[in-house]
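Asker: Each chain is listed here by its residues.
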Amino acid sequence: MLIPAVPVLDVSDIQATVLRPRPSPYRGEYVVLRIDDAAQGREMLRRMIPRVAPADEWWLPTLPGWLGIAFTHEGLKALGVPQESLDSFPVEFRQGMAARAAILHDFGDDAPPNWEYPFGTADMHVALAIYANDEQNLTKVLERARQSHADLPHISVVYRMQFGELPGGRNPFGFRDGLHNPHVEGSVAEGAVTPTRNAYEAAIKAGEFIMGYPDESGATATSPVPEDLRHNGTFLAFRKFHMDVAAFRKYLRSVASSPAEEELIAAKMVGRWRSGAPLVLAAESDDPKLGADQNRNNDFSYQTDMKGLKCPFSAHMRRVNPRDALKDDIVAVNLHHFLRRGTNFGLPLPDGVLEDDGAERGGVFLLIGAHLRQQFEFVQSQWATDGNFISHGTEQDPLIGNNEGDGVFTIPQRPVRRRLHGLPRFVTVSGGEYCFMPGLRALGWLAALKS
Amino acid sequence: MANPSNKAASAMPMSQERPGLSAGQVQEFTLVSRLKPGGAQRMRQLFKGGFTGERQKNTDRIGTVHDLRFIIFDNDTRVIFASTFDGTWDTYIDDFGTKIPDEIDLLFHECEGYPGIHSPQIKDWIVDQQVTATAFYSAYPQATVRDVWKALKARSALGALLDQA
Numbered sequence: 001m002l003i004p005a006v007p008v009l010d011v012s013d014i015q016a017t018v019l020r021p022r023p024s025p026y027r028g029e030y031v032v033l034r035i036d037d038a039a040q041g042r043e044m045l046r047r048m049i050p051r052v053a054p055a056d057e058w059w060l061p062t063l064p065g066w067l068g069i070a071f072t073h074e075g076l077k078a079l080g081v082p083q084e085s086l087d088s089f090p091v092e093f094r095q096g097m098a099a100r101a102a103i104l105h106d107f108g109d110d111a112p113p114n115w116e117y118p119f120g121t122a123d124m125h126v127a128l129a130i131y132a133n134d135e136q137n138l139t140k141v142l143e144r145a146r147q148s149h150a151d152l153p154h155i156s157v158v159y160r161m162q163f164g165e166l167p168g169g170r171n172p173f174g175f176r177d178g179l180h181n182p183h184v185e186g187s188v189a190e191g192a193v194t195p196t197r198n199a200y201e202a203a204i205k206a207g208e209f210i211m212g213y214p215d216e217s218g219a220t221a222t223s224p225v226p227e228d229l230r231h232n233g234t235f236l237a238f239r240k241f242h243m244d245v246a247a248f249r250k251y252l253r254s255v256a257s258s259p260a261e262e263e264l265i266a267a268k269m270v271g272r273w274r275s276g277a278p279l280v281l282a283a284e285s286d287d288p289k290l291g292a293d294q295n296r297n298n299d300f301s302y303q304t305d306m307k308g309l310k311c312p313f314s315a316h317m318r319r320v321n322p323r324d325a326l327k328d329d330i331v332a333v334n335l336h337h338f339l340r341r342g343t344n345f346g347l348p349l350p351d352g353v354l355e356d357d358g359a360e361r362g363g364v365f366l367l368i369g370a371h372l373r374q375q376f377e378f379v380q381s382q383w384a385t386d387g388n389f390i391s392h393g394t395e396q397d398p399l400i401g402n403n404e405g406d407g408v409f410t411i412p413q414r415p416v417r418r419r420l421h422g423l424p425r426f427v428t429v430s431g432g433e434y435c436f437m438p439g440l441r442a443l444g445w446l447a448a449l450k451s
Numbered sequence: 001m002a003n004p005s006n007k008a009a010s011a012m013p014m015s016q017e018r019p020g021l022s023a024g025q026v027q028e029f030t031l032v033s034r035l036k037p038g039g040a041q042r043m044r045q046l047f048k049g050g051f052t053g054e055r056q057k058n059t060d061r062i063g064t065v066h067d068l069r070f071i072i073f074d075n076d077t078r079v080i081f082a083s084t085f086d087g088t089w090d091t092y093i094d095d096f097g098t099k100i101p102d103e104i105d106l107l108f109h110e111c112e113g114y115p116g117i118h119s120p121q122i123k124d125w126i127v128d129q130q131v132t133a134t135a136f137y138s139a140y141p142q143a144t145v146r147d148v149w150k151a152l153k154a155r156s157a158l159g160a161l162l163d164q165a
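These protein sequences, in sequence, are chains A and B. At position 263 of the first sequence (counting the first as 1) the number is 263 in the numbering used here, and the numbers step up by one without a gap. At position 102 of the second sequence (counting the first as 1) the number is 102 in the numbering used here, and the numbers step up by one without a gap.
Excised from the complex, chain A in its bound form (with noise of 0.2 Å):
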């Protein structure tokens, strides 16, 4: 029998940040710089490159601190990328995110003009990711950083965020998350011990994650030029959200008559208990083993509730992954996946709080794919902030959507859905941008570059 070939990724060329979970428990920080000359960009860069960790062995958490590396187009242009190189970029990436917010549904309070400094800017031409298991590895990783730019006065850093994780692994809302990625074919080493694979779930084509390997079409990607500069690269949106607790704990307290039906009404949004447990699973209440079982937690397919009874269309977790869920439309769903980093800022709100304390606190995603229109772009528009693909007019995720007030989630259930009115906006963006995340040898071919 012929058995198509996989192709084994380069994990050494291949930053760790695109492969590799956040540890657990995690601390991090988002570093933005400004490059005002090509040469001390350049050279900031050969620095850099040694401290920038490869996706070798991955699966293992062995490693106390990685540095990843991302250039917006802003930024390529300063370190000098030829025009030829630039332009074979594609559009959204070339555009920046903020410019694509008509097709992000980014309006009124996620607007760009409302965003923090340097997000939607020329500003931003570098980001560095730091993910360590702990503060002291963490401040390690983030001087070696600082001494590859310190003494070059045309490299500024504008912008910094520091990010950790939960008490519980919880989100700021308290639910478990980062519970699922993609499965990347190709990107274990054969015989490795890894968690086990949710029986429902094929593997990914690589290059859907990392171009240089075909992807779920068949096709390898041709740009941008050179090869040199692509190979083993890949794109990232990054989203830095703020979390409205409050808002959350007041609307679940004013359309439900206990704090039992407060807690099935949050899953319904979410499609998890706040253990983690999916209510494809767990339909009638929180299962906290199940949740905490990687090797079930995500053991589940649609196919069992095709009516929505569990797990609603509407709920977050099946929207921004449907699944098998909609395997009877004309949708690949293969197509529009990609790689979760997710981190949470601030300090949670007390329990029991349901007026806003005024901090800061929320979630920044890195989600990582070679198609950044096909991928986040589509999830963002068709199925965050849209409700036809599930026949549900313009219905819009209930956590992440842009509600203002007047959002809708609809509840499948016997003899008569419910319908929740009035829902405001309990997440807001509040930065974000296209980033280029290059494999280790394009930086030095980007570190090389002549004036």
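These aren't lab readings, by the way, just hints derived from the structure by calculation. Because the structure is a prediction, the values reported are computed rather than measured. Worth double-checking, as some hints may not be accurate.
[Said to hold, decoys possible] Short, incomplete list of chain B residues facing chain A, as computed with Cβ under 10 Å:
1) G63
2) T64
3) D67
4) P120
5) T144
6) W149
7) K150
[To be verified] In silico lysine to aspartate or glutamate, EDC-like type, Cα no more than 16 Å apart, as pairs:
8) B:K57 to A:D328
9) A:K327 to B:D60
10) A:K307 to A:D328
11) B:K99 to A:E190
12) B:K99 to A:D324
13) B:K99 to A:D328
Just so you know, even glycine gets a beta-carbon here, dropped at the ideal spot from N, CA and C.
Please arrange chain B on chain A, whose structure you already have, making use of the hints.
Answerer: Just chain B now, with coordinates in the frame of chain A:
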């Protein structure tokens, strides 16, 4: 866009770089192409049964197409493909290429220069053949195909309920 009548189209996010007018969330799509020699005859044969049976079912599965028609004209040398659909065509073009490539190829393969659904040039080819309408009217510009189907279903369910009362 230079033509002010295209302003309406630019209100639709994904269509910023694409031709075609929109009204509310529906978009008109008109493509005019030369036919291959003998293509008119073969197309008539292909569409003899119209969009009934399996072809109707498969087209329904797309779930965003309000209508579509083929008009052969100019002494059998050219064809107009006209349609109205929800959103913008290029959002789902890669999905069509993956899920129903043969059906899409069947519709267009008599068109001169059609590069095939899998060609990297497919989007450019479509844009090149596309002609933006001078004016476009929709009686229900906010309703999607799925909204209409759902409303019809609700109406018949309500009718059945009232009949029993």
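Asker: Would you check whether B:D67 satisfies its interface hint, that is, whether its CB is within less than 10 Å of any CB in chain A?
Answerer: Status violated, d = 17 Å.
Asker: Starting from B:K99, check that the Cα of A:E190 is at most 16 Å away, please.
Answerer: 31 Å, violated
Asker: Tell me if the straight-line CA distance from B:K57 to A:D328 falls inside 16 Å.
Answerer: 12 Å, holds
Asker: Less than 10 Å between beta-carbons is the criterion; does B:T64 satisfy it with respect to chain A?
Answerer: 8 Å, holds
Asker: Restraint: B:P120 near chain A, CB-CB cut 10 Å. Satisfied or not?
Answerer: 8 Å, holds
Asker: Hint check: is the beta carbon of B:K150 less than 10 Å from a beta carbon of chain A?
Answerer: It holds, given that the least Cβ distance between B:K150 and chain A is near 5 Å, below 10 Å.
Asker: Can the restraint linking B:K99 and A:D324 be considered satisfied, given a maximum Cα separation of 16 Å?
Answerer: The given pair, whose Cα atoms are some 14 Å apart, holds under the 16 Å limit.
Asker: So, as I understand it, the hint says B:G63 touches chain A; can you test that by seeing if any CB pair is closer than 10 Å?
Answerer: 6 Å, holds
Asker: Please verify whether A:K327 and B:D60 have alpha carbons no more than 16 Å apart.
Answerer: 14 Å, holds
Asker: Min Cβ distance, B:T144 to chain A: is it shorter than 10 Å?
Answerer: Holds. Min distance 5 Å.
Asker: Is the hinted pair A:K307 and A:D328 satisfied, with a Cα-Cα distance of at most 16 Å?
Answerer: 13 Å, holds
Asker: Run the distance test for B:K99 versus A:D328: straight-line Cα separation, threshold 16 Å.
Answerer: Measuring from Cα to Cα gives roughly 10 Å; hence the hint holds.
Hints 3 and 11, counting from the list given before, are not met by this structure.
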